[in-house]
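Trainee: Residue strings, one per chain:
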Amino acid sequence: MTGRYLYCLLSDDVVPPRGLRGVGDAPVELRRQGGLACWVSPLDRVPDPTVEEIRHHNAVVATVLAAGHTPLPVRYGQWLADDSFLAERLHAGASDFLRALERVRDAVEFGVRVLDPEPAALAPAEVPSPEGPGAGTAYLRALAARLESERRIDLRGREIAESLRATLGSIVRAERIDALHSQHGIVSIAHLVERSGAEAYRGCIDAFGHDHNDLRFFVSGPWPPYSFAA
Amino acid sequence: MPELLRPDDELSLVELVNRVLDRGVVVTGEVTISVAGVDLIYLGLNLVLASAETLRRHGPPRAVS
Chain A
6 MTGRYLYCLL SDDVVPPRGL RGVGDAPVEL RRQGGLACWV SPLDRVPDPT
56 VEEIRHHNAV VATVLAAGHT PLPVRYGQWL ADDSFLAERL HAGASDFLRA
106 LERVRDAVEF GVRVLDPEPA ALAPAEVPSP EGPGAGTAYL RALAARLESE
156 RRIDLRGREI AESLRATLGS IVRAERIDAL HSQHGIVSIA HLVERSGAEA
206 YRGCIDAFGH DHNDLRFFVS GPWPPYSFAA
Chain B
4 MPELLRPDDE LSLVELVNRV LDRGVVVTGE VTISVAGVDL IYLGLNLVLA
54 SAETLRRHGP PRAVS
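If you're matching them up, the sequences are chains A and B in order.
So for the first sequence, this note's numbering puts the first residue at 6; every next one is plus one.
So for the second sequence, this note's numbering puts the first residue at 4; every next one is plus one.
Hints are computed from structural coordinates only; laboratory data are not their basis.
Just so it is clear, CB atoms sit at the ideal spot from N, CA and C, and this is done for glycine as well.
Hints are not guaranteed to be accurate.
Claimed, not checked - Far from chain B by the CB rule (all over 10 Å, computed), these chain A residues:
1. Thr7
2. Asp17
3. Leu25
4. Gly82
5. Ala140
6. Gly174
7. Glu199
Stated by the list, open to error - Residues from chain B shown here face chain A by an in silico Cβ test under 7 Å; the list is partial:
8. Val23
9. Val29
10. Val41
Said to hold, decoys possible - Computed Cβ-Cβ distance ranges for the label pairs, DEER-style:
11. B:Asp42 / A:Glu136: 33 to 41 Å
12. B:Gly32 / A:Glu123: 44 to 52 Å
13. A:Leu148 / B:Asn49: 33 to 41 Å
14. B:Gly32 / A:Asp49: 18 to 26 Å
15. B:Ala39 / A:Leu145: 31 to 39 Å
16. B:Asp25 / A:Ala64: 15 to 23 Å
17. A:Arg23 / B:Asp42: 36 to 44 Å
18. B:Asp42 / A:Ala72: 31 to 39 Å
19. B:Asn49 / A:Glu107: 22 to 30 Å
Sequences and hints are given; from them, build the entire structure.
Mentor: Printed below as a string of structure tokens:
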């Protein structure tokens, strides 16, 4: 009995290129179940999460994207004991998976990470330990200051994301906004973009960056639509 | 000026790991990878992220590749 490691789901039969290898250096194969197809590798155990294997996983999913199809990417580490378990899970979730595939059809994902090169001083991440007389009050004050500064950054991030979305218009089909609480981070945005609009998207981000030159915009993609798969 | 990331860029690595480990559809209905392994990757990524953001703060603008 050999387990199956899963990369992505597809609504069309897209055959993996000959010789394509993925996680664990295992060959990549096509499986079908009802109206769904998927790419899998025979693997006898759950792979360890390493950066190298994460790259391999993404390289396989990106191969589908590069072939002109949009897959539904599967999260890293999804492993099933054999083909019958795989068929059972695909059958059980078929209607959800097909709906999600329809949502991402002919689209790709881009990421925009917005950074502030000169951020206002954040309240300290570490608040004083509540020990000694008056320390409890100091602790609560420090905690409140920290939460307030994060709230201000989150609000600013949402405003930037909304303004960017208005600029991008209909080439963006969906978006996901996540707060960043790193030293320079403001917000991380994922956009689901029409495949035909990818060039226009880059142009719009470029123009938006010129208009907001106090910030840094790091654009990555096109990605398989990981952020819009669930 | 916006900067488009090269595939091997540190921030691009953060974007990659966030997507592949944390997003994407779950088919098996349960998390099957080791939580300790995931924690170690994120610990490393936090260091990468801090260094990459600081470099971008002081470094020259990147050409679009």
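Trainee: The structure should be examined with respect to each hint, and the outcome stated for every one.
Mentor: Against the structure, the hints come out as follows:
1. Distance to chain B confirms A:Thr7 as a non-interface residue, since its nearest Cβ pair spans about 16 Å, more than 10 Å.
2. Every C-beta of chain B lies more than 10 Å from that of A:Asp17, the closest at about 17 Å, which supports listing it as non-interface.
3. For A:Leu25, the condition that its CB be more than 10 Å from all CB atoms of chain B holds, with the nearest at approximately 17 Å.
4. Annotated as non-interface, A:Gly82 brings its C-beta within 10 Å of a C-beta of chain B; the closest such distance is 3 Å.
5. At roughly 28 Å, the least C-beta separation between A:Ala140 and chain B is larger than 10 Å, which holds for a residue marked as non-interface.
6. For A:Gly174, the non-interface assignment is confirmed: its Cβ lies about 18 Å from the closest Cβ of chain B, beyond the 10 Å cut-off.
7. For A:Glu199, the condition that its CB be more than 10 Å from all CB atoms of chain B holds, with the nearest at approximately 19 Å.
8. For the restraint placing B:Val23 at the interface with chain A, the shortest Cβ-Cβ distance is roughly 5 Å, inside the 7 Å limit, so the hint holds.
9. Hint status for B:Val29: holds, given a least beta-carbon distance of 5 Å to chain A, under 7 Å.
10. Nearest Cβ of chain A to the Cβ of B:Val41: about 5 Å, under the 7 Å cut. The hint holds.
11. In this structure, B:Asp42 and A:Glu136 break the distance hint of 33 to 41 Å, their C-beta atoms being roughly 28 Å apart.
12. A beta carbon spacing of about 46 Å between B:Gly32 and A:Glu123 agrees with the range 44 to 52 Å that was offered as a hint.
13. In this structure, A:Leu148 and B:Asn49 break the distance hint of 33 to 41 Å, their C-beta atoms being roughly 21 Å apart.
14. Between B:Gly32 and A:Asp49 the beta carbons are some 21 Å apart, a value that agrees with the proposed interval 18 to 26 Å.
15. The given range of 31 to 39 Å is respected by B:Ala39 and A:Leu145, whose C-beta atoms sit roughly 33 Å from each other.
16. In this structure, B:Asp25 and A:Ala64 meet the distance hint of 15 to 23 Å, their C-beta atoms being roughly 18 Å apart.
17. Between A:Arg23 and B:Asp42 the C-beta distance comes to about 38 Å, which sits within the given range of 36 to 44 Å.
18. For the pair B:Asp42 and A:Ala72, the beta carbons lie near 35 Å from each other, so the given range of 31 to 39 Å is met.
19. Between B:Asn49 and A:Glu107 the CB atoms are about 36 Å apart, so this pair departs from the stated range of 22 to 30 Å.
When each numbered hint is compared with the structure, violations occur for hints 4, 11, 13 and 19.
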